[in-house]
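Trainee: Single-letter residue listing:
Protein chains: 2
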Amino acid sequence: MAPLKQFLMIPGPTPIPTEILAAMNHEMIGHRGPGFSKILGEVIDGLKWAYQTKNDIMVYPCSGTGGMETAVVNTLSSGDKALFVNIGNFGDRWVKIAKAYGVAVIDLKFEPGKAADPKVLEAELAKDSNKEIKAIFMQQNETSTGVINDVKALAEVAHKSHPEALVLVDAVSGLLAADLKTDAWGLDVVVSGSQKAFMVPPGIAAVSMSKKAWSFYEKSTLPKHYWDIKNQKKFADKGQTYTTPPEPLIFGMHKSIEILKKEGLENIFKRHELNKLIVRAAFKALGLRMLADDAGASPAVTAVFPPEGIDAEKVRSEIRNRFGVELAPGQGEFKGKLFRIGHLGYVDKLELVATIGALELIFSQMGAKIEIGKGVKAALEQIK
Amino acid sequence: MAPLKQFLMIPGPTPIPTEILAAMNHEMIGHRGPGFSKILGEVIDGLKWAYQTKNDIMVYPCSGTGGMETAVVNTLSSGDKALFVNIGNFGDRWVKIAKAYGVAVIDLKFEPGKAADPKVLEAELAKDSNKEIKAIFMQQNETSTGVINDVKALAEVAHKSHPEALVLVDAVSGLLAADLKTDAWGLDVVVSGSQKAFMVPPGIAAVSMSKKAWSFYEKSTLPKHYWDIKNQKKFADKGQTYTTPPEPLIFGMHKSIEILKKEGLENIFKRHELNKLIVRAAFKALGLRMLADDAGASPAVTAVFPPEGIDAEKVRSEIRNRFGVELAPGQGEFKGKLFRIGHLGYVDKLELVATIGALELIFSQMGAKIEIGKGVKAALEQIK
Chain A
1 MAPLKQFLMI
11 PGPTPIPTEI
21 LAAMNHEMIG
31 HRGPGFSKIL
41 GEVIDGLKWA
51 YQTKNDIMVY
61 PCSGTGGMET
71 AVVNTLSSGD
81 KALFVNIGNF
91 GDRWVKIAKA
101 YGVAVIDLKF
111 EPGKAADPKV
121 LEAELAKDSN
131 KEIKAIFMQQ
141 NETSTGVIND
151 VKALAEVAHK
161 SHPEALVLVD
171 AVSGLLAADL
181 KTDAWGLDVV
191 VSGSQKAFMV
201 PPGIAAVSMS
211 KKAWSFYEKS
221 TLPKHYWDIK
231 NQKKFADKGQ
241 TYTTPPEPLI
251 FGMHKSIEIL
261 KKEGLENIFK
271 RHELNKLIVR
281 AAFKALGLRM
291 LADDAGASPA
301 VTAVFPPEGI
311 DAEKVRSEIR
321 NRFGVELAPG
331 QGEFKGKLFR
341 IGHLGYVDKL
351 ELVATIGALE
361 LIFSQMGAKI
371 EIGKGVKAAL
381 EQIK
Chain B
385 MAPLKQFLMI
395 PGPTPIPTEI
405 LAAMNHEMIG
415 HRGPGFSKIL
425 GEVIDGLKWA
435 YQTKNDIMVY
445 PCSGTGGMET
455 AVVNTLSSGD
465 KALFVNIGNF
475 GDRWVKIAKA
485 YGVAVIDLKF
495 EPGKAADPKV
505 LEAELAKDSN
515 KEIKAIFMQQ
525 NETSTGVIND
535 VKALAEVAHK
545 SHPEALVLVD
555 AVSGLLAADL
565 KTDAWGLDVV
575 VSGSQKAFMV
585 PPGIAAVSMS
595 KKAWSFYEKS
605 TLPKHYWDIK
615 NQKKFADKGQ
625 TYTTPPEPLI
635 FGMHKSIEIL
645 KKEGLENIFK
655 RHELNKLIVR
665 AAFKALGLRM
675 LADDAGASPA
685 VTAVFPPEGI
695 DAEKVRSEIR
705 NRFGVELAPG
715 QGEFKGKLFR
725 IGHLGYVDKL
735 ELVATIGALE
745 LIFSQMGAKI
755 EIGKGVKAAL
765 EQIK
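Top to bottom, those sequences are chains A and B.
Taken in order, the first sequence gives residues 1 to 384; the numbers are from the working numbering.
Taken in order, the second sequence gives residues 385 to 768; the numbers are from the working numbering.
No wet-lab data here; the hints were simulated from the structure.
Careful: at least some of the hints might be erroneous.
In silico lysine-lysine, BS3-like type, Cα no more than 30 Å apart, as pairs [unchecked claim]:
#1 270/A to 768/B
#2 422/B to 5/A
#3 337/A to 768/B
Looking from chain A toward chain B, a few residues come up when the C-beta cut is under 8 Å (computed) [what the hints assert, rightly or not]:
#4 7
#5 8
#6 23
#7 25
#8 29
#9 310
#10 346
#11 348
#12 360
#13 373
#14 377
#15 380
#16 383
If you're wondering where the values come from, they're calculated on a predicted model, not measured in any experiment.
The beta carbon of each residue, even a glycine, is placed where N, CA and C say it ideally should be.
Just chain A, same shape as in the assembly:
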């Protein structure tokens, strides 16, 4: 029997609360009129709250990758040297974008499953004694491996070694899942997306710009039109977007911010932290290997290897077909070797408990020596 209900346990898009779906289900309004301006203004204020910043924030009709491209083309010029703290697939993606525009990339790769070591970054930056590196890019959370970086420590190292350089952060999957203090940590450009902890469908990216980032914009010669952030700011100042905005997503973000503000930043972080602890306690109890160690474990997504001899893709298709649970596949070198369970946004602790139960059953039926209920017990015991 095909499952009637879906449990979307991927690291974005996350499930969408009914209140947000309902808010999106609004007739179109004039996007150059005062009604829309008020809503967009409140969305941008809400983004500033989430970013913990007073910097400008611009929104774009695009996916998170568009926001990453925006960060590159508005700050650099061809031949500029930039360092990419790279802990996985989304690190690779930013490198690819930069290379496509002729940026001189230093690709500082770390072992998959590990967070970037600030000491390694420090040593790498120290090599650049002429201070040619103009920008340091990093992921807050690497979705492909389930690892969270210590952005605060990395930014500190960057500022100390290269005070003139920009620090740019891809916070698409990390924002709101974990603390990110844009201003206090001196993050010049921060990119986020609607489809993660905001619990809104994909289609909007937000990009913040510090004063320093704006000064880089003035010198940047990379070609840009759609992504031109000064142009976007000109419209944002009028409560508009340059191109026609995806209105339902703006309505959704508006409702999302209302819901999230009520919950409060600390509670949102705690909620995601608990989800991480639930999943990790369960997988440890079942003797499964996770790609990330405890230190770098992401509050948004966990990558885990199935028991010995069990095919990760088989697990994904079984749990989809029998339980309606959608898990994410391994990426890159881990394709087919592991699966990932998203636990950010509108994914609930109890859905994680249920998913662990379903995994136990599937593992056991596939021949693994799994004690059904053991992972669930460990998961439940994380809930005080």
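Following the hints, put chain B in place on chain A, whose structure we already have.
Mentor: Frame of chain A, contents of chain B only:
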């Protein structure tokens, strides 16, 4: 931290699938025009599929109780003798309605938690040697105790003993959760509601009328206007309802029937049967007492006593506040003594697994000697 997500585990209203919510989210259309007529006609055809009947079916803007009243006022006259097979609160309700209209009620009560014994009905009917009993009323499923009646056997007894009498069934919470063959079993009037296995919000009741039931209508003198079913049929024949219909609910029923037809009656019954088995296996593994025994156990709802010394209402508030799980309270004499878990409609097997996990944790933290994970294991093992 207040839960962000709700798990509605009550015996109706059940959760609503997004597709149905989306279908309801439609602008209003003229309810006397051809567009609405087509939709209503298809809804009535779908209801006939669900009822397994060729009888007329009329829909009313009202809750299930309105359907129960419709069944009474359109078939009987003041002073008419009618027997009510009564296994719980909704049996009591039908008795109350009938008494309010001056029907001479024979209230055949059974012990709570037990299905009606056809032999007891047979004996009771045998006492009425003059065949004065004109109608026999019964619940298919009694929501207050979590018991399902053997409607087929009860109807057989009724037909054999009193072939002239009507058989009227309240199938509000039972229709689609378990097999109900309106025509094959000779059920003259069957009442259902939108908010149960149809997975549509409350607000619509449907009432079927056999030819025999129509012949009773002609002799019935009970006062009626809103419930007048011949008047309602006159409008139904034009693809309309007598009064202004709650359009979103009609749109929702239309989508529901499309979804359910794809699943098929047998699969729908199996899905509910599995939910029952999951819940019962778990509660048995935890040593909990259920009000219904296996023979009469409802596929739609299970009433269960918490472990010794634990307050049922405390369990309900804890699981609501900490997990967002909404359970139903005990009714009547069981108020505060037990709670009920709804598992019909858009309640998923995996949500039941999760709810059992949450209950285990709560019971354990309240001091019960519960082995966390044991109920979940038993539940999972029901899923082949």
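Trainee: Could you work out which of the previously given hints the structure breaks and list their numbers from low to high?
Mentor: Hint check: 1, 5, 6, 8, 9 fail, others pass.
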